[in-house]
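Colleague: The lines below spell out each chain.
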Amino acid sequence: MSSLALASLAVVPPAVYLIVGAILLAVVPRTVRRPLSVLVAAVTLACVAGLEKGAHEALSFWGGELQWLDVDALSLVFGWIFALTILVWTIYAWHLKGRLELVSAFLYGGGALGVVFAGDLLTLFLYWELMAIASTGVILAAGTTSARKAAMRYVCVHFTGGVLLLFGIAIHAAAQGGDLTFGAMELDGAGPWLILLGFAINAAMPPFSAWLPDAYPEGSPSGSVFLSAFTTKTSVYVLATAFAGTDLLIGMGAFMSLYGIFYALNENDARRVLSYSIMNQVGFMICGIGIGTPLAINGVAAHAFCHILYKSLLFMSAGAVLYRTGRSKCTELGGLWRTMPWTLVFGLVGALSISAMPLTNGFISKPMIVGAAAAGMADSTLLWVAYLVLMVASAGVSLHAGIKFPWFVFFAEDKGLRPKEAPFSMLLAMGIVSFLCIGLGCYPKPLYDLLPTDMATLGFQAYTLDHVVLQLEVLVASGFAFFLLLPVLKRTPTITLDTDWFYRKGAPRFVAWVAGPLMGAFGWLSRSVHETVPRGLRYFAKNPGGAARLAYDRFLLGWAGAFRSMEAIDRAQARLQGDQGRYEATSPGAAWPIGTTVLYSAVAFLIFLLTYLF
Amino acid sequence: MSFAPHPPEIPRKAPDEAPGWFDRPKNVRLLKILAVLSVVVMFGLDFTIHYHQYLGGENIPGFYTLFGLLASVVLIFVAKLGGKPLKRKDDYYDE
Chain A
1 MSSLALASLA VVPPAVYLIV GAILLAVVPR TVRRPLSVLV AAVTLACVAG LEKGAHEALS
61 FWGGELQWLD VDALSLVFGW IFALTILVWT IYAWHLKGRL ELVSAFLYGG GALGVVFAGD
121 LLTLFLYWEL MAIASTGVIL AAGTTSARKA AMRYVCVHFT GGVLLLFGIA IHAAAQGGDL
181 TFGAMELDGA GPWLILLGFA INAAMPPFSA WLPDAYPEGS PSGSVFLSAF TTKTSVYVLA
241 TAFAGTDLLI GMGAFMSLYG IFYALNENDA RRVLSYSIMN QVGFMICGIG IGTPLAINGV
301 AAHAFCHILY KSLLFMSAGA VLYRTGRSKC TELGGLWRTM PWTLVFGLVG ALSISAMPLT
361 NGFISKPMIV GAAAAGMADS TLLWVAYLVL MVASAGVSLH AGIKFPWFVF FAEDKGLRPK
421 EAPFSMLLAM GIVSFLCIGL GCYPKPLYDL LPTDMATLGF QAYTLDHVVL QLEVLVASGF
481 AFFLLLPVLK RTPTITLDTD WFYRKGAPRF VAWVAGPLMG AFGWLSRSVH ETVPRGLRYF
541 AKNPGGAARL AYDRFLLGWA GAFRSMEAID RAQARLQGDQ GRYEATSPGA AWPIGTTVLY
601 SAVAFLIFLL TYLF
Chain B
615 MSFAPHPPEI PRKAPDEAPG WFDRPKNVRL LKILAVLSVV VMFGLDFTIH YHQYLGGENI
675 PGFYTLFGLL ASVVLIFVAK LGGKPLKRKD DYYDE
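Those protein sequences? They're chains A and B, same order as listed. Numbering-wise (this note's numbering), the first sequence opens with residue 1 and increments by one. Numbering-wise (this note's numbering), the second sequence opens with residue 615 and increments by one.
Here chain A stands alone, though its shape is the one from the complex:
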């Protein structure tokens, strides 16, 4: 396609193609749906290819303007990888029969592309919420009970995050005199802090992270692949735009990278391992955003790009296994190399890439972030610690994702499973992504040319002798340690509690322990007010003598019995039986019918209005 044709596609933001595409996909018959999904994704990618840096479009909206297309170098990197991922995913998901996952995924992808090309905070927020809703649809499309429950928890967390973000935007805009432009911010008030919090929830920063390993492993085989790519990475984009160079993020990112490894090493379900591995990798990016130098930001953008490729490849490999076996737990898998060799090979490419093996794309992106930490560590203890943590985390990546995932799924103990190789559509998608992983690892120039700062000015070279030797040394050493300590790493059919415990178990228990007695007290109060007291009063009005005798006899039998003779008690009991019968016959008070209630309310309002007006 000529560049003129590409540019003419780009007069409308790429998100629009996906959203209109999603609506079309919802209505067309099933036979057309799959080819149409690939076509829409391809057109979206072509539209991104036609975007120029600095392009700007606005949409009139309620007397204001929505900056729905604002292209800078950073958004272009994310735009490319998002559009590319959607296209490859439509091939991977060729087996899908239902429309919910496909339509939700296109809306979700549209939301993500909308966020990265949004020029103002209001547009950003609208797309942000579209992502939250549509991604919930992707989880729901798995169709299982556990997916439905996880989706409900997921959407609660994201709506909470969205509300915090909206508050933050409102406060920030008020402080800026109504200016909604989205750009770099200082953490100098409630507004930016709330915005940061809203972003942090979507970035899965601990302790707001449990939604990710809770929900992503519940998606369908293809749904998880899609989920793994977008939410956390749009968050990386917005954090890099708004909060680059914020020291807090260096510490948060470094902590996050270790947090992910801790859980990934403990988990049994392969897709839970990979979900925690996302947190580990996003930790590297957040740390790079905190460092904030041109090299670090280039590294963040490049690493997000490469990470999306190899992480979706890993999820595709796990998804293909799930599709063929219905299993994803390490304890139930093993020995699949015999019948799923291609899935193994592509999974291994992903595993080596995430470990940053030379000649894969992880090696050309991650060292930029680590190098940015190294460049400043001579005069900053914080960066010295960050460098140390990132190096330890690099060794940890190859342990949990690089070796653990392929080992326990494809090798380890043979469980006697001989599933068929993955369908051709899945293999084709995995093949394309594997090609990109190795291709960029060997020839990073196309990616480097996209980055915000010209790589020639930064003096960074991925392939130097010391980089290659250092990386290989750490990789083979951690691989060696893995097999040395294999007995310690033996899988058990367990999960490891994360902060979602607080809302899944803690909150119900809190209700049972603390609110339970309170509810009982309210119940007693409610019965007294609505039943016991009115009925007693009515009975008293009808039969004052009987009511007084009833109360007296009750008091006598209940409390003062010990002080009276047996005959007195017997007499009281006989009397009480008669009175009790008459009392029970009294209605607890007629309920007011709705019509009467409305009439009384209307009268009350009328009186209120009259007193208010005059």
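None of these hints come from the bench; they were simulated from the model. Note that the coordinates shown come from a computational prediction; the quantities given were computed from them, not determined experimentally. Check each hint, because a few of them may be wrong.
Here are a few chain A residues that sit away from chain B, every Cβ distance over 12 Å (derived from the structure) [unchecked claim]:
#1 Val43
#2 Ile261
#3 Val469
#4 Leu525
#5 Ser528
#6 Pro534
Straight-line C-alpha distance at most 20 Å; calculated PhoX-like pairs for lysine-lysine [as the list claims (entries may be wrong)]:
#7 Lys698(B) x Lys490(A)
#8 Lys490(A) x Lys640(B)
#9 Lys445(A) x Lys53(A)
#10 Lys627(B) x Lys490(A)
Note that CB positions come from ideal geometry on N, CA and C, so glycine has one too.
Following the hints, complete the assembly by docking chain B onto the known chain A.
Modeller: Relative to chain A, chain B alone:
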């Protein structure tokens, strides 16, 4: 919907299945030797590299091999011990 959580039929191992490449003890031994060899080779290569100091100990010969081993062992044991009180049966949340 379109995918069943546990498809009823997964083909199983046939009783007369021929052993594959990774089933042969000879090949597994070869891989083990290669693994140890690669650690040794990388350890040796480190002697020839001069690093610009970052952490401080880089120019101890074989520093990053030792670093990688130590980091991995520490991570594995910290995860193992720290994970112990947090582990639950995987149907813990199912009720």
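Colleague: Report the numbers of all earlier hints that the structure fails to satisfy, in ascending order.
Modeller: 2, 3, 8, 10
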